[in-house]
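Start from the sequences and build out the full structure, keeping to the hints where you can.
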Amino acid sequence: MTDATLSRPVMSLLLSAGTSLLLRALGPASAFALTLLLARQLGAENTGRFFSGMTLITALAMVARCGLDTALQRLVGQAGSCPHRLAGIGRRAWQTVLLLALPLTGLCWLTAPLIAGALLQNADLAGLVRLQGLMILPLALLSVHAALLKALEYPALGTALEVTAWPALTLLLLLVLPVAGELTGLASLYLLAVTLAAAISARLVARRLPATRQVTALPWRTLWQRALPLAGVDLMNFALLWLPFLLLPLLANAAEAGVYNVSHRLAALPGLLMPVCAAITSVRFARYWQQGDTTALSRLAGHSTRLMTLLALPPVLLMLGLPDPLLGLFGEEFVAGAGPLAVLALGQLGLLALGPAGYLLAMSGHEKQLRNLTLITTLLSLPLCLWLLPAFGAWGAAWVVTLTRLGNALLCARLVRRRLPLPGWLLWSR
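Going by the working numbering, the letters in the sequence shown line up with residues 44 to 473, in that order.
In short, the hints are calculated from the structure, not lab data.
Check before you lean on any hint, since a few could be wrong.
Stated by the list, open to error - Taking CB as the label site, the calculated pair distances span:
| hint | residue 1 | residue 2 | range |
| --- | --- | --- | --- |
| 1 | T265 | G450 | 25 to 35 Å |
| 2 | R83 | Q334 | 49 to 59 Å |
| 3 | T265 | Q334 | 13 to 23 Å |
| 4 | R461 | R250 | 35 to 45 Å |
| 5 | R461 | G371 | 41 to 51 Å |
| 6 | A76 | L363 | 14 to 24 Å |
| 7 | L215 | R134 | 29 to 39 Å |
| 8 | R461 | V219 | 53 to 63 Å |
| 9 | V219 | Q268 | 42 to 52 Å |
| 10 | W152 | L425 | 22 to 32 Å |
| 11 | G364 | W263 | 51 to 61 Å |
| 12 | L360 | L153 | 47 to 57 Å |
| 13 | G364 | L271 | 37 to 47 Å |
| 14 | W430 | A161 | 17 to 27 Å |
Every residue gets a Cβ at the ideal spot worked out from N, C-alpha and C, and that includes glycine.
Shown next, in the form of structure tokens:
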């Protein structure tokens, strides 16, 4: 394979990444403006309570989609352009989400007083929990629709729906229908926005799936074999990222959780480069692995890692150099998060420099090994939380997240070196 031949997929990656990044940047911009607006209205304590509830609901929506956001990319890549199989995959995805999301919504509704008392430290906020619980189904559908679009070779559109539609619609509704910082009013606007985003995404998927009357049903056994290990990985990755935040109100206080939440969301902005590249490269990883084209696989992994690291440097340096002015935008009480912001930002840069090792393992049929590695680091997260959070609050949460996620990435990189013909540190993959 010549350099000219290899340069075409690289240029395609850059073009797709640029378009996806531009569209995806609207999502963080909207989310940043939304977090800024809510933090200034609610203060640290109520910000912590509101986003603690949203974090729990996001986890339940992740259970409802059952790893489909990653599994669909592999299933669609294997189906090729066969319209009957693609239609069957789409139908099974919708059935799975409905099967899981509706009982979870009912459970959340019934246990709302317990959740409000334990997690939000205020049993009177059960109504808030119930409103947030109604988001489980539309959130899961939105993620599955975005995954289908990315798998069908519409990465920019899928990325825009997944990351941009919901926060942008919420911000628009908040500007049109101000709720003056009232928690249940904010939850109502969030619910309306995610429902509209899910409806729009459903329409877009229906128009892009091949039109066919004959449907080849995807066997349930095949779906569960592909999705369940990835669902476990998704949930454990979510726990690595958000368990310290969920435990902060219990082990420290809600105000500390609010300060950490803002620092975490700022530091997460460079980390969005990973799913942007994954939206473009995951299907290609699966295809190259199935074809045995390790040269193209290595080249794509290396280029995507170097691109992510280069693009992440400016925002990380900005967070390290000007933490107080950035956090001061949210209110004076959030400036206390400057230290946690530095720890989290450096951790994000390290993760991007290690590359998409987890996605490579998932797309090459190593889902179970990936699940086992993630389980190890997730189990380490809980004792670290119990040790560091009561004494150090937001600082402790930042160190728990950074250490466990970097540990997980290093274990994945080691497995890539052992099982795939690639270097463990993908930054040097050629």
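Evaluated hints:
| no. | hint | in the structure |
| --- | --- | --- |
| 1 | T265 <-> G450: 25 to 35 Å | holds, 32 Å |
| 2 | R83 <-> Q334: 49 to 59 Å | holds, 52 Å |
| 3 | T265 <-> Q334: 13 to 23 Å | holds, 21 Å |
| 4 | R461 <-> R250: 35 to 45 Å | holds, 43 Å |
| 5 | R461 <-> G371: 41 to 51 Å | holds, 47 Å |
| 6 | A76 <-> L363: 14 to 24 Å | holds, 23 Å |
| 7 | L215 <-> R134: 29 to 39 Å | holds, 32 Å |
| 8 | R461 <-> V219: 53 to 63 Å | holds, 54 Å |
| 9 | V219 <-> Q268: 42 to 52 Å | holds, 46 Å |
| 10 | W152 <-> L425: 22 to 32 Å | holds, 28 Å |
| 11 | G364 <-> W263: 51 to 61 Å | holds, 53 Å |
| 12 | L360 <-> L153: 47 to 57 Å | holds, 48 Å |
| 13 | G364 <-> L271: 37 to 47 Å | holds, 44 Å |
| 14 | W430 <-> A161: 17 to 27 Å | holds, 21 Å |
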